[in-house]
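Asks: Chains as they are written, first to last, in this note's numbering: chain A, 576 to 1103; chain B, 3 to 121.
Treat the hints with caution; some may be incorrect.
Unchecked claim - Derived DSBU-like pairs: lysine-lysine, alpha-carbon spacing no greater than 35 Å straight-line:
no. : chain 1 : residue 1 : chain 2 : residue 2
1   : A       : 912       : B       : 41
2   : A       : 1025      : B       : 34
3   : A       : 718       : B       : 64
4   : A       : 1038      : B       : 67
5   : B       : 64        : A       : 717
6   : B       : 34        : A       : 938
7   : A       : 784       : B       : 41
8   : B       : 41        : A       : 720
9   : A       : 778       : B       : 88
10  : B       : 41        : A       : 695
11  : A       : 602       : B       : 41
Stated by the list, open to error - One-sided excerpt, in silico: chain A residues whose CB lies under 7 Å from chain B:
no. : residue
12  : 767
13  : 768
14  : 953
What the hints contain is simulated information worked out from the structure, not anything from laboratory work.
Virtual Cβ for every residue (Gly too), placed ideally from N, Cα, C.
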Amino acid sequence: MARPLPPGVSQRDFAEALRQFETAVGKEWVFSSDEDIDLYRDAYSPFWNEPEERIPSAAVAPDRVEQVQQIVRLAGKYRIPLWTISTGKNLGYGGSAPNVSGSVVLDLKRMNRIIEVSEKNHYALVEPGVSYFDLYRHIQEKKLKLWIDPPDPGWGSLIGNALERGGGYTPMRDHFDAHCGMEVVLANGDVVRTGMGALANAKTWQQYKYGFGPFVDGIFSQSNLGIVTKMGFWLYPEPEAYFSGTVMVPKHDDIHALVENLALLINSGIVQGTTSVLNTASFGPPDPELARIRVGSSTSDLERYMAQKGLGYWTVDLPFYGPAKVIAAQWEHAKDKFSTIPGVQFRDGASYRFPLGQAELDKIPNPVPLGVPSLTTFAIGGPFSQGHMWFSPIIPMTGEAVIEATRVFEQVYTDLGNPTGALPGLPIWSFFARAFVIIYFFPIEHDVEKNRRSREIFRRLVKVAAEHGWGEYRTHTAFMDDIASVYSYNNRALWRLHETLKDALDPNGILAPGKNGVWPRRLRKGNA
Amino acid sequence: MTQIPRRVYTARPALRLAILVFLWSLPVEAQKAPDVYEKWCTPCHGAGENKPGTISAGALYKGSKPAVLAERTDLTAAGIRSVVRKGMYIMPRFRKTEVSDAELDTIVAFLTRTPQLAK
């Protein structure tokens, strides 16, 4: 790939900036050869090998906060955009590649210190390069009675995933919500500690989130207003037990009572882990008869087929964590609630007591809901998959919304001629409190025409979702402007506020221009 | 199972070579992977049902070659370096801040049973 320069920066200034980066971090940790820059390409780019693929001009890898400060000040001097990555494993959402070609990637992987882990107060303080695998291994080696909450791929950064507002499966599943305290380098090189970390001699930085005065942590998530160099996380005390119970209901219209009771259980704190609602009739089992019934048959035909197979039309798995006696009571309570639905079936699922030995863990198909990081998820898409990206709208936690969203998104596929590849009918998840998220899978291939088609469908889905009042919680860099544009209430008032903050905190526009659709003044439409 | 301690990989070259030649003379299945392999490769390419790299290799080779990467005897240094730095199927490329050139040498040495490559 051709190596671009940072936008508006001369070759001479760029060379001088690289030389000064080398002075700051050491020559070994500034990458500017074609071969090294290639390593920062987004392996799952929907623009793979197209002119629009975003390619950095260089990468620089500091190993401590003082070096980050130096780099930021140099970038400001030369007006070089920096694209910060933690572990660079935000695959499906952009990987390690920037949003603007010519940016210098600020690679924080070397900042991988686990600064503190408290077993008594159940928290950790880490740097951006620490992965879920790293913290898990540390906890295992120290034999601490603590759980982490990994997302599906375990090699990502705790900080990166939380800042992107990712989700996991245990009661600590909302990763941004589970953070407590940040250290942030601002665009002027100043270092800020949030919450109680603003005290000169803080004793509760990882125990009380809010500190005193305005609570600013949120503006550093999915954002380009600062570079987070430390972050605290609340951890889950190792529970005594885990149990999974399955609820199956027989009729299409049972979705309403099913979700109403599920929301009650989640919002009451009875169910604390991530659940999923599965339309069993549209997702499985792989049976030619079912495939035939799905096309052109009535809902009652599908209901009859599912009943004959002993399956529910809709299925929900409920995870429970905690003392075994409490779990048993929670499952009984849940069954009482769902028993108002005629024909409901219940099945006992997996049951574990902790700690588990390695031999037991190795037998568990997916250990992620048990706080054990894994890469199992990369089997999605089949053995020869070349990558993927996700369309992930947030919808209300109601049966009506499940039905409507499923119908609306499937109609998009029909309107576009039922293209192969994208998979409708995936489970609907409760990664976050109070709302569902649907996560649609888009395959990425090293095939320009197929990727062009996927982008067309993706953009159509964004637009149609917005027309129905639904928006995405996170997206690939390729679609950040598309999604930001639909968050348009009151003439884009929220994004105008973001731009006001951006211009105040980063007047040179050097931090991740265009991240989540927030552009600095000099690169904003009409000004660029 | 014979474990090759991490310090072997960081010992003085002559001593390291002697130790590694001895250890690598043991049967292949008796060798334990170096830390860098366990950290970066085993989660996808190890034994077991849930390893995407192993699943992919099983589908690709259909039994003509072992699906578990460390059991392969036909891997070349150039091939390993290319896959780590350029990716293959869903496996992304690995940056030098993740797997340094020296660590890549260690991986190559382990997978090709060529101890002199370990630095």
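Asks: Which hints, by number, does the structure contradict?
Replies: Failing hints, ascending: 1, 2, 3, 4, 5, 9, 12 and 13.
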